[in-house]
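Undergrad: Given next are the chains, with one letter for each unit.
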Amino acid sequence: MNEPMTDPADDPGRTRRSPRWLKDPTTVGSDPDYRFTLANERTFLAWIRTALALAAGGLGALTILDDFGGEKVLGIGLLVLSFLTAITSYRRWSLSEQAIRKNEPLPRSRLPLVMAVGVAIVSLIAAVAFIWSAQ
Amino acid sequence: MFDRMLQHERTALAWERTAIATIVAAALLARLAVQVHPALAAVGIGYLLIGAGLLVWAGYHYDQLHGPLRRGESPVHPRSVRLVGRTTVALTGTSAIIAVLATVL
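First to last, the protein sequences are chains A and B.
Position 71 (the first sequence) corresponds to 71 in our numbering; numbering is contiguous.
Position 18 (the second sequence) corresponds to 18 in our numbering; numbering is contiguous.
None of these hints come from the bench; they were simulated from the model.
The structure presented is a predicted model; accordingly, all values stated were derived computationally and were not measured.
Glycine is no exception: its CB is placed at the ideal position from the N, C-alpha and C atoms.
Take the hints with a grain of salt, since some may be wrong.
[To be verified] Stretches of chain A that chain B covers, calculated by requiring three or more beta carbons in the stretch to come under 8 Å of a beta carbon on chain B: (1) 39–51; (2) 77–85; (3) 89–96; (4) 108–118; (5) 123–134.
All chains should be modelled from the sequences, with the hints used to inform the complete structure.
TA: What follows is the structure, given as structure tokens:
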């Protein structure tokens, strides 16, 4: 499978019905050096583990914390964050794999910044809730 | 050929770590879900079994690599990526929903 395959979504007359990242990347471009694909795979799995760690944190907060005061905000906030991370992780993998297969530059990933800011915001809200309930 | 093998070993490890993380998160989900309704724990158990299956697959697949590698192939796993993507989105989404139920009920 080494000859480039035409991407039906590039046909001029066709209107795009679904987002590009939902498309199976193996239908785009041609097989690249396996090391790029495996590196992309491992990056995806690392992000999925991050999402699962956030989920475990959120579930743990709701299960274990009893009189913390902000545990519901913290728990649900982290779970929402984990859900968004999971979706975005897959999107990043799909767009990156398509770019690799078409020999194009990788799309910029906003995941690290959004992740850090998201966790900081949730933690801040939980801390405020804790301080408030401690009075 | 054995530099190739190291890449596949790293990849197998990444799959296994992800499978383990899935199992842990699923178990925590089952624990919280019981507070809403005991039958809901089945959702967590379901994801746990998927994680366990993934773990077995990862180890078995790596174990079987010697043949393909000798033939010059380098298996990649986009179908498994899509499966894990769907499963994790479903697992985290379900957890958020069950968490909201657990706090309001």
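Undergrad: Any of the earlier hints contradicted here, and which numbers?
TA: 4 and 5
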